[in-house]
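Q: Below are the chains, spelled out letter by letter.
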Amino acid sequence: MKKKMSVLLLAAMFASFIGTGSAMALEPNDSVDTFAKGRENFAPPTILPPQC
Amino acid sequence: MSVGSIVKYYRMKNNLTQGELCEGICSISHLSKIESNRYTPHEETVDALFGRMNVNWEKEMKIYRNWKQKLESFIIYSVYYDLKSMELLYRELSEHEAYIQSTDLVNKYELYKLRYYLFKKEIPRATQQVTILKKLQSTFDDYEKGVSKVIYLMYDIFKQDFEKAEDRLIGIEQYRERIPHMFEGELYYQKAYLLHTKTQYGRSSYYAELAVDHYLKDCNYIRLLHAQLLLAINYTNRDLILQADGLFKTVLRNAKMMELDELYQGALYNYSELQNRRGLHQSAYELLMELKQLIEPGTDYYQAIMIHLLHTATEAKISIEEPLRKLELIANRKNDAYLDVLTTYFRKTQISQQELLDYCEDIAFPFLSKHGYIKEARSTAWKLADYYRSLGDKEKEERYSLYYYIKGDEEP
Chain L
1 MKKKMSVLLL AAMFASFIGT GSAMALEPND SVDTFAKGRE NFAPPTILPP QC
Chain Y
1 MSVGSIVKYY RMKNNLTQGE LCEGICSISH LSKIESNRYT PHEETVDALF GRMNVNWEKE
61 MKIYRNWKQK LESFIIYSVY YDLKSMELLY RELSEHEAYI QSTDLVNKYE LYKLRYYLFK
121 KEIPRATQQV TILKKLQSTF DDYEKGVSKV IYLMYDIFKQ DFEKAEDRLI GIEQYRERIP
181 HMFEGELYYQ KAYLLHTKTQ YGRSSYYAEL AVDHYLKDCN YIRLLHAQLL LAINYTNRDL
241 ILQADGLFKT VLRNAKMMEL DELYQGALYN YSELQNRRGL HQSAYELLME LKQLIEPGTD
301 YYQAIMIHLL HTATEAKISI EEPLRKLELI ANRKNDAYLD VLTTYFRKTQ ISQQELLDYC
361 EDIAFPFLSK HGYIKEARST AWKLADYYRS LGDKEKEERY SLYYYIKGDE EP
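Chains as they are written, first to last, in the UniProt record's numbering: chain L, 1 to 52; chain Y, 1 to 412.
These are calculated hints, taken from the structure and not from any lab test. Source: prediction; values computed, not measured. In this text, a Cβ means the ideal position worked out from N, Cα and C, and glycines have one as well. Check each hint, because a few of them may be wrong.
Said to hold, decoys possible - Take a look, some chain L residues computed to stay more than 12 Å from chain Y by CB distance:
| no. | residue |
| --- | --- |
| 1 | K2 |
| 2 | K3 |
| 3 | A12 |
| 4 | I47 |
| 5 | L48 |
To be verified - Here are some, though not all, of the chain L residues that point toward chain Y, as calculated from beta-carbon distances under 8 Å:
| no. | residue |
| --- | --- |
| 6 | A11 |
| 7 | F14 |
| 8 | A15 |
| 9 | P45 |
| 10 | P50 |
| 11 | Q51 |
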């Protein structure tokens, strides 16, 4: 009986974590509010790293 | 290695006909089969043939192994972006080109020669090399086929033939063609590069991230920095400020330590754009002033810095007189319509807001949108939409803000 209970409990715990993915992990917060102000003027030309 | 090709190489070098060489050893048709590598000859026959030409077979094998090893080093240098070593070795290889071309190393040699010309940005020679490779294509093995696809892709993007590059990519994906492991990172990087030029920053970031992962696992540190810089630029365009900031700092630190001057300058330039976007104009200005010291006046790079400085100084409310005057001089000398519009625009910012807006509406916006300066046209559209919103002119506001949003990150 005890064994059954613990299996049930484990199953319940497992079910509650489904879908949370790596939400528990520490991730950089990319939902910060940005305040881009560079739109006042033209955009300066782009300079990229070497392509080949 | 193919003995036949070596036999043929020395026969030609000694000015012998097939008949002269094989007399008393084997028949002409037999020799012809050996030379075209359709038949592997007996050791005795090979010894006899080489003996007639005074060639020592063991010594010959040593020479072959030496060049094979050199070619392998050449390939490794190109994959890991060691330009200096590549240049030195290329000189040596090209001096012995005739020998290499006579062996089975020819395909790899010609392929990486194209890679080398792309490094050196020599378009005419690269184009010529593509024609040479087309002739060799039927003799490529699986590895060479895989490598050639990535190098051709690089060539197409370099020539700005984006449609062809896209077709090539579709081909690679659709048929799940095998790409050698060493080249996977490069494939992702090229893909990210292509998507960036099409302003698809979200998708470009995805592939740049894959390239970063791959280069990191492969310990390909120089190319890793290139991919990280491309990724940081994509993050900047998507306003992912924190991620971009971290990456720029990494690239700046490592480029400085590794003495990669050009990369360091590129990172400074793009980092200042990020600082501008987040409103830290003073910091952006300082970064650009540091960069200005490193670049020689008169180059295109210098001109780009001046334009960037102009934007930044305007935002930071610092005098723009010096960069503006310098740019006006360049615009006059070059007779460049874009620079003309740009300098007039900034001259107007010094006069009055009304005059600037009129100029934007009548000249700057039509010019920029017509000639495909999407980024610039969008920012003028934003300005005009803002202006008409304050006036309550709904129709015009909608027209300009629509342009701004439609021309944005065009992604599903």
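Q: For each hint, tell me whether it holds in the structure or not.
A: Each hint, compared with the structure:
1. K2: holds, 46 Å
2. K3: The claim holds: K3 (chain L) sits with its nearest Cβ about 43 Å from chain Y, beyond 12 Å.
3. A12: holds, 36 Å
4. I47: violated, 5 Å
5. L48: violated, 7 Å
6. A11: violated, 35 Å
7. F14: Violated: closest Cβ of chain Y sits about 30 Å from F14 (chain L), beyond 8 Å.
8. A15: violated, 32 Å
9. P45: With a closest approach of 4 Å, the P45 (chain L) hint holds.
10. P50: Constraint on P50 (chain L) satisfied, holds at 6 Å.
11. Q51: holds, 5 Å
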